[in-house]
Amino acid sequence: MSVITIIRVGLIFAGAGSIFLVAKLVRAPKYLVTLVFRMCWIAGILNLIVDFFEQKYGFWHYTANGLVLGFPLDFYIAVSFFVGGSLCLVYWWVYSKHPKWVVPFMAVLPFYFVFEDYIAVTFTHGLVGKFDSPYWWIADFFCLIIIVWGTLFTFKYFASRDPQSSV
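FYI, in the working numbering the residues of the sequence shown are 196 to 362.
None of these hints come from the bench; they were simulated from the model.
Since this is a predicted model, take the numbers as computed values, not measurements.
Glycine residues also receive a C-beta, built at the ideal position from the N, C-alpha and C atoms.
Keep in mind that a hint or two might mislead.
[What the hints assert, rightly or not] Below 25 Å or equal to it, Euclidean Cα-Cα: the simulated SDA-like pairs (lysine to any residue) are:
#, residue 1, residue 2
1, Lys225, Lys351
2, Lys325, Arg203
3, Lys295, Arg356
4, Lys225, Val285
5, Lys225, Tyr290
6, Lys219, Val245
7, Lys325, Val263
8, Lys219, Tyr352
9, Lys295, Phe336
10, Lys325, Tyr290
11, Lys251, Val323
12, Lys251, Phe208
13, Lys251, Thr317
14, Lys225, Val323
15, Lys251, Gly324
16, Lys325, Ile272
17, Lys292, Phe353
18, Lys351, Met301
19, Lys325, Val204
20, Lys325, Ala218
21, Lys351, Leu304
22, Lys295, Tyr307
23, Lys292, Pro305
24, Lys325, Gly265
25, Lys219, Phe208
26, Lys292, Asp357
27, Lys295, Phe348
28, Lys295, Gly345
29, Lys351, Arg233
30, Lys351, Ala218
31, Lys251, Leu322
[To be verified] Each pair of labels, with its calculated beta carbon distance range:
#, residue 1, residue 2, range
32, Tyr330, Val298, 26 to 32 Å
33, Lys219, His293, 17 to 23 Å
34, Gln250, Tyr352, 18 to 24 Å
Kindly produce the complete structure, drawing on both the sequences and the hints.
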C-alpha cells in the first residue's frame, strides 16, 4: 500500500474526527452538530462543481490513482468534513464569542486554502495533482471563495432558522 493511499484514507478519518473534536472544544449544541453534518454535503458538492470547472478550463488536474471520472472522491469526503463540519463549528464559535473577528476570519480563509493547495501539490511532487497554468492560484482563490463562503453563508442561514440558534 502506498503512502498516498494511507494518507487518503487517513484524511477521511481525520476529517470526521475533527468535527467531534471541534464540537467538544467549542461546546457546540447538539442541533449544530447535526446541522454541520448536513453542511458537509453542501461543501462537498460545491467543491466538486468548482473543481470540475477548474479542470475543464485547464488550471490544474488530479494525477492520483483511483480517480472516478477524474476526481478522487475520497478527497472530497475529507474536504467536506473539514469545510462543511469543522470550519462551520469554528465559524459559529467566532460569531457567537468574538463577533468583531468574523470579517477578518472570513477574509483570511481563501488565502489559507490557496496556500494549503499549493503545499499539497508541491510537497507531494505531483502525486496528487498538477498545476496546468501559472494562474491556477487566481482561479483557485475565487473558487475557494465560492466553496468556503457559500458553505458558511448557507450554514448561517440554516442555523438562524433554528429557534435555539445564536448565529
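> Any of the earlier hints contradicted here, and which numbers?
Replying inline: 6, 10, 12, 14, 20 and 34
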